[in-house]
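Protein chains in written order, with my numbering: chain A, 1 to 346; chain B, 1001 to 1346; chain C, 2001 to 2346; chain D, 3001 to 3346.
Where hints are given, some of them may not hold.
Stated by the list, open to error - One-sided and incomplete, this derived list gives chain D residues near chain B with beta-carbon spacing under 8 angstroms:
no., residue
1, Tyr3030
2, Cys3091
3, Gly3100
4, Pro3114
5, Asp3115
6, Arg3118
7, Gly3125
8, Thr3126
9, His3130
10, Arg3222
11, Ala3266
Simulated from the structure, these hints should not be mistaken for lab results. We put the beta carbon where it would ideally sit given N, CA and C, even for glycine.
Number of protein chains: 4
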Amino acid sequence: MYFASDNTGPIPQAVLDALVQANTGHAPAYGADPLTTEVTQSLRDLFEAPDAAVFLVPTGTAANSLALATLCPPYATTFCSPVAHIHLDECNAPEFFSGGAKLTLVPGNDRMTPDALRATIANEGTRGVHGPMRGPVSITQVTEAGNVYSLDALNALCSVAQEFGVPVHLDGARFANACVALGCTPAEMSWKVGIDVAVFGGTKNGLMGVEAVIFFDPDLARTFELRRKRGAHLFSKHRYLAAQMAGYLRNDLWRDLATTANARCAELVDSLSGIAGIENEPTANMVFASLPRTTHQRLMAAGAQYHLWSGNLDGTNPDDLLTARFVCDWSLQSEDIARFHALLRN
Amino acid sequence: MYFASDNTGPIPQAVLDALVQANTGHAPAYGADPLTTEVTQSLRDLFEAPDAAVFLVPTGTAANSLALATLCPPYATTFCSPVAHIHLDECNAPEFFSGGAKLTLVPGNDRMTPDALRATIANEGTRGVHGPMRGPVSITQVTEAGNVYSLDALNALCSVAQEFGVPVHLDGARFANACVALGCTPAEMSWKVGIDVAVFGGTKNGLMGVEAVIFFDPDLARTFELRRKRGAHLFSKHRYLAAQMAGYLRNDLWRDLATTANARCAELVDSLSGIAGIENEPTANMVFASLPRTTHQRLMAAGAQYHLWSGNLDGTNPDDLLTARFVCDWSLQSEDIARFHALLRN
Amino acid sequence: MYFASDNTGPIPQAVLDALVQANTGHAPAYGADPLTTEVTQSLRDLFEAPDAAVFLVPTGTAANSLALATLCPPYATTFCSPVAHIHLDECNAPEFFSGGAKLTLVPGNDRMTPDALRATIANEGTRGVHGPMRGPVSITQVTEAGNVYSLDALNALCSVAQEFGVPVHLDGARFANACVALGCTPAEMSWKVGIDVAVFGGTKNGLMGVEAVIFFDPDLARTFELRRKRGAHLFSKHRYLAAQMAGYLRNDLWRDLATTANARCAELVDSLSGIAGIENEPTANMVFASLPRTTHQRLMAAGAQYHLWSGNLDGTNPDDLLTARFVCDWSLQSEDIARFHALLRN
Amino acid sequence: MYFASDNTGPIPQAVLDALVQANTGHAPAYGADPLTTEVTQSLRDLFEAPDAAVFLVPTGTAANSLALATLCPPYATTFCSPVAHIHLDECNAPEFFSGGAKLTLVPGNDRMTPDALRATIANEGTRGVHGPMRGPVSITQVTEAGNVYSLDALNALCSVAQEFGVPVHLDGARFANACVALGCTPAEMSWKVGIDVAVFGGTKNGLMGVEAVIFFDPDLARTFELRRKRGAHLFSKHRYLAAQMAGYLRNDLWRDLATTANARCAELVDSLSGIAGIENEPTANMVFASLPRTTHQRLMAAGAQYHLWSGNLDGTNPDDLLTARFVCDWSLQSEDIARFHALLRN
């Protein structure tokens, strides 16, 4: 009953196998190895983007911060949701990598709306050299609150960005879960709706630590390479990043893993329904649900692991409704959900 | 005959086994897992430093840059050799992580001398707010030119640093190779000679990508943690860094791997002797040797892989002596050296 | 009828005289001149702070950004109003000087409330290394919206900062106008209510370009000095900054100038009352007032100069109420206000 | 007998007059005033560069650092002399403003040679993403050691830069003194020899604190403006920078001041000749000369003010030759030199 996060589970055997397979003899360092070349091509194929510039980095924060630094000069600002990971959970990494650019929060909660985005961008560009310049829009898919933008919604946000001539970054730490939820292809969820740079996350969906950053406009590639190196994110033994990604792409493993995770979440939602208040649209692998404090106490005492998102376990009123976040990773079994189900109804 | 670098070889089976072993069930993220706790303690034991603050990061550049940023404020300078990796090969990463601190090169070549270091530090501190403040000394062991500082030499440099009240950082990308060459313990090669922060490298000695940064003064730990996070080097699935390091430490694997690499290098030196001009004191795993252009052409044509360090293969004079760098990693076999030996004497 | 800003007027004769007086012979550079020493002491006396560290810089943005960089490490955040100058009007200067620290906006409008500040700080410190660390609170007095915090209000905000152990910065670009409005001393409006670092602005109150930064805890002085130098804000011919400040302090000129500016504003408020909607509490030298579009068109056509704060002059509806900002500087005459009064009522 | 620096003297009456003249009524802020427009045009005329982008900043460090930041991305390096002011005397300001770019020192002493520059640039660009990218060349004229590059020498250095496609920055803190020494026009000493961005210094030649930065390629102007603002170097009361520069340009005052300073230096050189060892080619306003320790002691005791550049006054051997730097500013009189002459020969 481990619902604390999707960065806490094991890696699939197929990924381990890919590591073992890559582990023979010597290979050129820093991404000049054949496996990296192969994986780069596989990602271009997957995204139907033959000219894309593709990079592997070890963490989601690196992927986001390096991509944004490439798009956002230090005297500009990135537009994002007030609950975006880049704002709340990266200890100023975007500000660091960009050399001091700002994040401008689009009013609202979780999913940005085109109107709020338009008003925010419009307002930011009116102070000449006194305010920051308009920089990229950053969209998170799946959002931090477990919601999934529809393709139309993504397209509408990208259209707003285009009105102002600013590029769009997609934080796709849970790219696969969103693709599965929408039943679409990676291309449909990225450049076809207007995304300029997408992060295709692997770490939360089964890898030890690999994210692909995909620039659909390869002209941006050269400064990314230099920023990756000076950010200390260029692996010398790059084949081990490539091997993980190779295992992830082979036979659409990435999609299978996300399908499983989303399915577990759907079971969990079923289990919570009627008992808990569901607070998001849980079509991917996360559900936010409110339950009375006593219920949380009982669940956790019995070994369920998850994070409270509001309130705390030790309050005085047993009936207070506390919101919790439940995340399902690929390694959960239906039995785990069933045990939780039984416990919840006990 | 792969002597191009020690970041191009495979990882030992014992490290793969440790990964497999760690790959069960869920584990808390960001270093809160039991394996990270265990490895932290193992490193404290290995370094005989019960209070040390220990951090794992994925690359040597991250280890060096983050450690130096902790020691060197942006208005200061780090003292290092003109051929230091931090100066030549990290695309300004130390300047980036420190927020714009400088590197001051100690005149000389490769190994710094106490006199040159003293004169350089003394000179740097004489301009009030106009020049940079004196920051840390950074020593590389094994050096970029394949030499090994004796313990006395390290101690002499650290004593100079102490004269000026500045801390000392050890770039130990090849820490293990140096330890084996000197026949000393990690403690003897670090805090016992006066090192304040040591990088205990794993990547060049058999790991996929893990370096330990060890602060003997734990007071520095908190800002390192924050810098690691905002530098995007805090792994969520941290157990896979820890697992590699666990495999590396178990049964002194780290020492065995370096012993093997150094032994191969010694065989290579024997092989080169009398034919090539040996340009360093090759007691660790690197030898720099000069050979006529034609010999290089013949060796490379036959499949020997290594880097020329001066000149280039296509010059007109066949007799020009060109210096090459030969690096031995743990995975080379005596047969590799024997083949090279035969080829060289052919 | 020039109400556009208080950075557009001339400098008083007494300040020019002080420049002329200082302009004899040679004087040591970089602040080692006797006049700088004298002015430093005068500021300590004025603030009743014999140990204070005092620095002169040429712009308000420099004063704020350098002070905040001293208080806020790059992995932390500064708490401020959503309309703070440091957030809206400095083109990311605080982010630049701090090396990428964040600004966290305290919900509300203009003046921060203790409750909102407390909730914001409390919330920011709950994510371990993932979120930014808590940094300083920055208070603007007079606020950007022309309001003045009472001494009790300042004290309440500083008390909240003390609850969390974070320091307080005062953006005092209009320090003098606030002091006059409150009828208090500089000490009462700074360290006596809990301010740690105050900017004592001169530029908006009659100087060509000088602000004093006053650290009541001199331990912070050394890094400020270095930051000022590397920020290129240490003047070689420092006596000309000192001379301006000397003229400003002599015979309480600073207070006289602000008294005059505030008095003009009070006359302007009288003039606007009954006709315009007054939107702030205009006890200092700024009034925000709403008037119909046609009135603005008429006023501006007749030569009144001021900025619209909302809406724009060319809209279709003549009756729309548009907010304007009127700022009075020391050089305005009662005749200017009288002309405006007549025009308004024409 | 004040030869300590050219940043310690008074400002000419004509500059004060220009300040007084500018000090009437209100004027738009941030450089939108008519005087700034006029001065911008005057500088374009003076440099025979009708399209040039022109900016005023208050310090030489600001001028250099902002100009270099515009030319040098954070993953690149600037090539300069080992004794360049940007390297030795700006407390890492170039590294700060560029976001962590490096300075690469061209071996030699003081004036760079084309061969040394070519070899240094060639060597820097050979490490792919591992080393920094090639950035601008920075030339100082008059050099820190008081020498003046000939126009041919400048042209030769710029030609080397062009070979590699990198731009050239001229640190012209003593631009006027060099122009006078060479008997050339500003255009001849800048874009006509291949300079891309020139700093036309005013502070060391009589202003309180104004330097003009002149981009002969105006495409670079926009990012400079933004960098100036976020570096806190955009003056609100910009007319007072413009007024100083207006006074400086009117009737070629800049040239007259430098002519006077250089003439005083020539008299000083005459005075030193035969007694002291002259160590530079003192055609501008600085002479480096060696004298016995006892002579220095005697001169300083009698009130001569200048800096020792090597050794120190309190050594044991009275006959040691110590090098001193003597700088002449525009305000020195022939009588000052005559007094020094008499003293020296006493």
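- Is the hint on Pro3114/D kept, meaning its closest Cβ partner in chain B is under 8 angstroms away? violated, 23 angstroms
- Message: The hint names Arg3118/D as touching chain B; please verify it with the least Cβ-Cβ distance against 8 angstroms.
- Response: Violated: closest Cβ of chain B sits about 17 angstroms from Arg3118/D, beyond 8 angstroms.
- Item | Hinted contact His3130/D with chain B - closest CB pair below 8 angstroms | holds, 5 angstroms
- Item | Interface hint compliance - Tyr3030/D to chain B, C-beta minimum distance less than 8 angstroms | Where the cut-off is 8 angstroms and the nearest Cβ of chain B is about 27 angstroms from Tyr3030/D, the hint is violated.
- Query: Would the stated hint for Asp3115/D survive a check requiring a Cβ distance to chain B of less than 8 angstroms?
  - Reply: Violated: closest Cβ of chain B sits about 19 angstroms from Asp3115/D, beyond 8 angstroms.
- Task: For the hint on Cys3091/D, just tell me whether its beta-carbon gets within less than 8 angstroms of chain B.
- Result: holds, 6 angstroms
- Taking the closest Cβ pair, is Ala3266/D under 8 angstroms from chain B? Given a least distance of 28 angstroms, the restraint on Ala3266/D is violated.
- Item | Interface restraint verdict for Gly3100/D against chain B (beta-carbon cut-off 8 angstroms) | OK, holds: Gly3100/D within 8 angstroms of chain B, min 4 angstroms.
- Task: Would you check whether Arg3222/D satisfies its interface hint, that is, whether its CB is within less than 8 angstroms of any CB in chain B?
- Result: violated, 23 angstroms
- Holds or violated: is the Cβ of Thr3126/D closer than 8 angstroms to a Cβ in chain B? violated, 10 angstroms
- Item | Given hint Gly3125/D near chain B, where the shortest CB pair must fall under 8 angstroms | Violated, about 12 angstroms.
In this structure, the hints that do not hold are numbers 1, 4, 5, 6, 7, 8, 10, 11, in rising order.
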